[in-house]
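Participant: Here the protein sequences line up with chains A and B, keeping their order.
Numbering-wise (numbering that gives the first Met the number 0), the first sequence opens with residue 0 and increments by one.
Numbering-wise (numbering that gives the first Met the number 0), the second sequence opens with residue 0 and increments by one.
The reader is advised that the hints may include incorrect statements.
[To be verified] Coverage of chain B stretches by chain A, computed from C-beta distances (three or more under 8 angstroms per stretch; other residues unrestricted): (1) 372–382; (2) 385–393; (3) 411–420.
[Unchecked claim] Chain A residues, not near chain B, derived (Cβ > 10 angstroms throughout): (4) D64; (5) E69; (6) G72; (7) G96; (8) G122; (9) Y133; (10) A186; (11) S194; (12) Y196; (13) D210.
Since the hints were derived computationally from the structure, they do not count as laboratory data.
Glycine residues also receive a C-beta, built at the ideal position from the N, C-alpha and C atoms.
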Amino acid sequence: MAEIDAAGHTTREINAAIRQCIADSCKEITVRNPGARHNLAVAILDDAQIRLAGSAGYYCGGLIDGASIEIEGSAGWGVAESMLSGTVRVHGSAGSGAAAAIRGGTVVIHGDAAARLGVSMKGGRVIVAGNCGYMAGFMAQKGTLVVCGDVGEAFADSMYATVCYVGGKIANLGTDAVIAPMDPGEAERLDETLSAYLPAPLRDAKPAAADFKKVVAGRKLWNFDKREWRIWQEAL
Amino acid sequence: MAGLQNSGIFAPRVIEEIQAKAESGLYSIRGFGTLRERRWATFDDLTFLPCSLTRIPLEGYREKCSTKTVLGTRFAKKPIELDIPVMITGMSWGALSLNAKVALAKGAAAAGSSNTTGDGGMLQAERENSRTLIYEVLPSRYGINIHHMRMADAIELTIGQGAKPGTGGLLLGSKISDRIAEQRDLPIGVDQRSPARHPDFLGPDDMIIKVEELREATDWQVPIFIKLGASRVYDDVKLAAKAGADVIVVDGMEGGTGASPAIFQEHTGLPTLAAVCEARCALQDIGLYGEVQLIIAGGIRDGVDAAKAIALGADACYIGTASLIALNCNKPIYEDDYRAIGAAPHACHHCHTGRCPVGITTQDPELMKRLDIEQGAERVRNLLQVMTLEIQMLARSCGKSDVHHLEPEDMAALTLEASAICGIPLVGTRKVFGR
Chain A
0 MAEIDAAGHT
10 TREINAAIRQ
20 CIADSCKEIT
30 VRNPGARHNL
40 AVAILDDAQI
50 RLAGSAGYYC
60 GGLIDGASIE
70 IEGSAGWGVA
80 ESMLSGTVRV
90 HGSAGSGAAA
100 AIRGGTVVIH
110 GDAAARLGVS
120 MKGGRVIVAG
130 NCGYMAGFMA
140 QKGTLVVCGD
150 VGEAFADSMY
160 ATVCYVGGKI
170 ANLGTDAVIA
180 PMDPGEAERL
190 DETLSAYLPA
200 PLRDAKPAAA
210 DFKKVVAGRK
220 LWNFDKREWR
230 IWQEAL
Chain B
0 MAGLQNSGIF
10 APRVIEEIQA
20 KAESGLYSIR
30 GFGTLRERRW
40 ATFDDLTFLP
50 CSLTRIPLEG
60 YREKCSTKTV
70 LGTRFAKKPI
80 ELDIPVMITG
90 MSWGALSLNA
100 KVALAKGAAA
110 AGSSNTTGDG
120 GMLQAERENS
130 RTLIYEVLPS
140 RYGINIHHMR
150 MADAIELTIG
160 QGAKPGTGGL
170 LLGSKISDRI
180 AEQRDLPIGV
190 DQRSPARHPD
200 FLGPDDMIIK
210 VEELREATDW
220 QVPIFIKLGA
230 SRVYDDVKLA
240 AKAGADVIVV
250 DGMEGGTGAS
260 PAIFQEHTGL
270 PTLAAVCEAR
280 CALQDIGLYG
290 EVQLIIAGGI
300 RDGVDAAKAI
310 ALGADACYIG
320 TASLIALNCN
330 KPIYEDDYRA
340 IGAAPHACHH
350 CHTGRCPVGI
360 TTQDPELMKR
370 LDIEQGAERV
380 RNLLQVMTLE
390 IQMLARSCGK
400 SDVHHLEPED
410 MAALTLEASA
420 ICGIPLVGTR
430 KVFGR
């Protein structure tokens, strides 16, 4: 167990200290006073457990592969962007573009997420206990996006093969997004996922998995087709 | 019949285009780049002024003329050092075949130059065969992989592309093979439209933080390039420099593409000649000319274009289409296969179909076999070396012992437009027009 006091230090110094701890085989690291600095704990390629005792700025946990990062405050834009594997957990809320372009791993947000949650995600799993802003899932390609609360406008717009679940209200669906029935056993699997990743009090306050709405791509934008002219005209 | 005349406005080609739209309900998508006849100022509107009595030339075949090119001296611990100032631009595995990607890598390496990954992630074979590999981070983030990024010699954060600034990439379903789909995390066979915006930043202020992230991710070792499609170049270059770029790439409207709506290729962006002039001016105005290196791209065909770009302020040039032509693009071989896709040698811009007759812009294994990697690499190396010799010849004739010493004063403008754009006197006068 190592402690790094970030007070008075630059991002570069803090990240160098984190990497040095890992190089010294200390894989449980607490960063005190992160002060919402940008780019903390980016590109950590190790199964280290990093706890930020406060809030983080942009891109915290971006480009990681294998690390487990816990942000005890809130996170700025692009938390965990482009991660390959690992877990990033935000106790507070997350800014825009949370989990953008992730290819694997899990992002858990206990609070709310702002706009473009899971934008261009290419795999992995995103779980938001609260609500999210507009255009969540925009152009998402693969993986699973779960929002226990309400979702903003243009939800799941122009998606490829990502599967979304929404526990609350959907302001409106984006272009080519459709509500789909859950397959047999799907609600149980969703329930297992939520129970595995959300603390019990948070999970218990959310709707039953069977009451979530499943949203997928209608596949009308997957290939150019002049018969769907109106969809293409309106496509974002 | 005598007296019949075509319309100048509704010319035969325009009539055909309108009727094609009316029949298909589709706008035109194709590859290659602009097909317009050049009516704007280009590098052809400049001529070199070699030494005579006022300046002393270097011996063309004897005296040293350095071509060494160093990029990324501003912040990176390890700037890249190339033997020559001509580099291979980013073209994706997906748009290009694996054989083409590897041939470009090997050819560039043999010439002491670099190549760039493109909008589809890095191929292991590409890394293994590259001397200097630039890893592109694009709005799509296809195939983004931190391990690959860390294996790169430079990172290029791409904002736009000269052939189609302000719009995302396009890869039609016929080219989304199983392997390409896996690399890009896409369903097989979809018409893939890349985003136009990055998913996690929007404007120049956010980009400052993104650049810092890329530096942290690569431990401040390698240069960060920012690539811009030539649009509002003067402002964009200043903003890219402010964001912390080591190197700025400006890609002019003559740049090529694997596929995009034809109207973007024909009617958007700034010509490369104008782009290099605006970029230089921007860097000079903020006092960073020379500190931030400048790479120019977009329709560079030979050492003459490259030498003129360098004289106007570029540190290096990218070539894309020219390197594919070196690989046999548009060569009159397999002519039946050109005809089968509605094209012809010297008039093929059907990269988007995935049926490239010469094995370059295809994922079809049989077509790909037509591009032999070793022979292709040899031709790419030859082209890069000849272009470098051409630059050196011009530089020596202008009395320069280093190609990077070429300057605007080594040229005169052949047209009023070029004089005004480049700030160079018109031939036969002592006057810079437009000043």
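Participant: Of the numbered hints stated earlier in the document, which are not met by this structure?
Facilitator: Going through the list in order, the structure violates hints 1, 2, 3, 4, 7, 8 and respects the others.
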